[in-house]
Amino acid sequence: MTYRPGDTFLHRTDPRAKVGCLLVVLALALTTTRLDVLAVLLAVVAAALWAMAAIAPWSYARALAVIVPLIVLLTLLQALVQPGPVLATVAGVALSRPGVLLGLGIGLRLLVMGIAFHGFSVTTSPSAVSLAVHKAGIPYRFAYLASFAFRFLPLLQDEARTLLTAMSLRASPDAYGANPVPRVRGLLRLVFPMLVGALRRSGDIALSMELRGYGLRGARTFTRPLRFRASDGVLLAGAVALVAIRIWGFS
Amino acid sequence: MTAATWSTLPNWRFRLVRRDTRSVITCVFLGLTITVMLQIIERIDLALTGGSIPIIASMVVVAIWVPASAFYGLTGALITAWINPLISNLTASQPMAPFLFFTNAAHTIPIVLLVWALKPRSRGLRLWEFLAIAQVGALADAAVFGLGNHVIMHLPSGFIVFQALAMQPCALAGGFITYVMMRRLLKTGLVETARWGSDAEEPV
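If you read the protein sequences in the order shown, they are chains A and B. Residue numbers for the first sequence follow numbering that gives the first Met the number 0, so the first one is 0 and each next one is one higher. Residue numbers for the second sequence follow numbering that gives the first Met the number 0, so the first one is 0 and each next one is one higher.
Derived from the structure by calculation, the hints contain no laboratory data. Check each hint, because a few of them may be wrong.
[Claimed, not checked] Covered, in the sense of this in silico footprint (three residues per stretch, anywhere, with C-beta under 8 Å from a C-beta of chain A), are these stretches of chain B:
| id | segment |
| --- | --- |
| 1 | 61-72 |
| 2 | 81-89 |
| 3 | 108-118 |
| 4 | 144-154 |
| 5 | 159-167 |
A quick note: this is a predicted structure, and the numbers were derived from the prediction, not measured. From the three backbone atoms N, C-alpha and C, an ideal C-beta is built for every residue, glycine too.
My request is simple: use the sequences and hints to build the entire structure.
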């Protein structure tokens, strides 16, 4: 689930407007556990992503399946601890109706949040995020770190994989075994070389970045500046309208 | 390991805020390291506790967040704490990711403030000081994590208290491991050690 270049409406939208919409969706999802409200919100978010970014629900359905065990666990937990009339008895354990409804509500909430963030990540490049953070008043020196981190994440993942492979080549059972206890030991052995690698690598990279003007003071110019257009305002207004509908329509 | 190993850490130069490029970039790499580690750990925690109590994660995060906060001050604390939620948000890999900005910072910021308050210029931290600092960070993290679980997941308070208590021994074990690791890191020469004693002037 990472950025995919494209030319849809959401791809062209200013990241600040998208962050505004995300915050609205988060606020709406976090202020209720009502199943009807969350189901409508889920439908609106999924439909908006399909219409404005050509992201069809089946394209992220498999990725969202990882949340399902969490939802089942939460629903079971809530069904056991929430008081109220019994909905069903499984293996002699009574599951309360309010608990099941609350668990499903929280599950829907997580789905809404997951889909909204998926839409944002697919349509917003890390460099656009950096620019938006800079426009929000954060010095570019720190705002740039968002895209920097994304650029170097695969390198660190490769390093971890190499270290694990090296451990398994030395017949260590700690690297890829099914037993979690030796795997934890293997992980702890991984931390020190990774820390040393991070400290050693940063010196050269910092020097090369400074040579390219990373630490220079003064106003910066950008090859692709961000502009908040009328269409971005319309998108934000649509998100605010959702809040109004929630307050007056589903109160 | 001798008894001296378990007494006091070698000295290093602590500064509350670091702005030099090397420190900033190092902190990003430390943040990426914890992100990569957590990608593996989440699967182990899922196998051990169904993901309900992050016991292994609470042990391993100490090994990276504490050195980052102690060696690189607030810069290290905030960057290493926020890289993981940033990546999680931008890859939509964690529905709770927005909340991790608060929980992670709740772990690292108290550590920086306590190191700032407790570490003298002339020596490193004693073992008990170090463990106490690491534990306060873990407690603050558990408190904010519990608050998030209460607000977002509506988990019952009894479960949240149990979750927080279950994470503490793991964080303590992580503290001992981190102490040894920080000792070794300080000996590698990759961390800026104190070049000036308590009586000398700070170099310009």
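Structure-based check of all given hints:
{"no.": "1", "hint": "61-72", "in the structure": "holds (count 3)"}
{"no.": "2", "hint": "81-89", "in the structure": "holds (count 5)"}
{"no.": "3", "hint": "108-118", "in the structure": "violated (count 0)"}
{"no.": "4", "hint": "144-154", "in the structure": "holds (count 5)"}
{"no.": "5", "hint": "159-167", "in the structure": "violated (count 0)"}
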